[in-house]
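Residue numbers (the numbering used here), protein chains in the order written: chain Y, 285 to 382; chain P, 293 to 422.
Hints may contain errors.
[What the hints assert, rightly or not] Result set (DSS-like, lysine-lysine): computed pairs, CA atoms no more than 27 Å apart in a straight line:
| no. | chain 1 | residue 1 | chain 2 | residue 2 |
| --- | --- | --- | --- | --- |
| 1 | Y | Lys291 | Y | Lys336 |
| 2 | P | Lys376 | Y | Lys320 |
| 3 | Y | Lys336 | P | Lys403 |
| 4 | Y | Lys320 | P | Lys403 |
Source of the hints: derived by calculation from the structure; they are not laboratory data. Keep in mind the model is a prediction, meaning the values are calculated, not measured.
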Amino acid sequence: MKNANTKEFLETIASQDAWLRFGDRGFFVNGCCTIKDESGAESVRIEMYEMKPDLQTWVRDVCSITKPTVREVMEEFTRIPLIDGKTFWELENELEWV
Amino acid sequence: MGGNGTFAAGNIVKYRWKTVGKIDGVKVLEPMSGGHKLPEEAHSSRMYIMQHPQNGNFAQLRIYDKWHRLRFEIGYHREPALDKSGRPVLHYHVYTYPRGSSVFERTEARKATTKMWKKLGKYMKGVVFP
Chain Y
285 MKNANTKEFL
295 ETIASQDAWL
305 RFGDRGFFVN
315 GCCTIKDESG
325 AESVRIEMYE
335 MKPDLQTWVR
345 DVCSITKPTV
355 REVMEEFTRI
365 PLIDGKTFWE
375 LENELEWV
Chain P
293 MGGNGTFAAG
303 NIVKYRWKTV
313 GKIDGVKVLE
323 PMSGGHKLPE
333 EAHSSRMYIM
343 QHPQNGNFAQ
353 LRIYDKWHRL
363 RFEIGYHREP
373 ALDKSGRPVL
383 HYHVYTYPRG
393 SSVFERTEAR
403 KATTKMWKKL
413 GKYMKGVVFP
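Let the hints inform the model, and build the full structure from the sequences given.
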């Protein structure tokens, strides 16, 4: 990442929120949460939204991933296209953690 | 002001946050380098506030237990599970520490209650509630 440690960023969004910039575009990662369905079964969800440059106004959903474990969520998050058809690892050097 | 486990295992860890202000006695923290978030541990306070650096609007508040661990977080941003529109919603998460694990888990978001707003709203510039 342009200004931060990538490992620390991924560890952070595994349990917390984070704001990102990619060029002049803003993004918000709604970090992993444990969710329960009606039967009480637990799963983990992460979501990412594109935001206006103020980083406070929602523009569109980027992704929503729900899996049984944090590990599976994070593997999927880094595997799928996020921005302009590129995956996290393809974007990594241009992302700024703000 | 904060240093992610500053006293952990007796090691010295560099400070990563600075206090940029106070609201009613509660410190407003800003990271000293990239990574806009509040600490996961707190050794000098039981509560910290983070604001958006662009305009000072409220972003997040965290409360820590007597063992310095993160226990509660209230934030203001979009939560589609709570509000399908693009509007931000004041919501909270509870942090738990499963037995045998040093890593916390975060509950799904729930809408902040009126009681929370009455108690904590004074720290939240720019927030619309409910």
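| message | Can you confirm whether the C-alpha distance between Lys291/Y and Lys336/Y stays at or below 27 Å? | response | 26 Å, holds
| message | Lys336/Y and Lys403/P were given as a pair; does the straight-line alpha-carbon distance stay at or below 27 Å? | response | With Cα atoms ~23 Å apart, Lys336/Y and Lys403/P stay inside 27 Å; holds.
| query | When you check the alpha-carbon spacing of Lys376/P and Lys320/Y, does it fall within 27 Å? | reply | With Cα atoms ~19 Å apart, Lys376/P and Lys320/Y stay inside 27 Å; holds.
| said: With the threshold set at 27 Å, check whether the alpha-carbon distance from Lys320/Y to Lys403/P stays at or below it. | reply: 16 Å, holds
Comparing the model with each numbered hint stated earlier shows that all of them hold.
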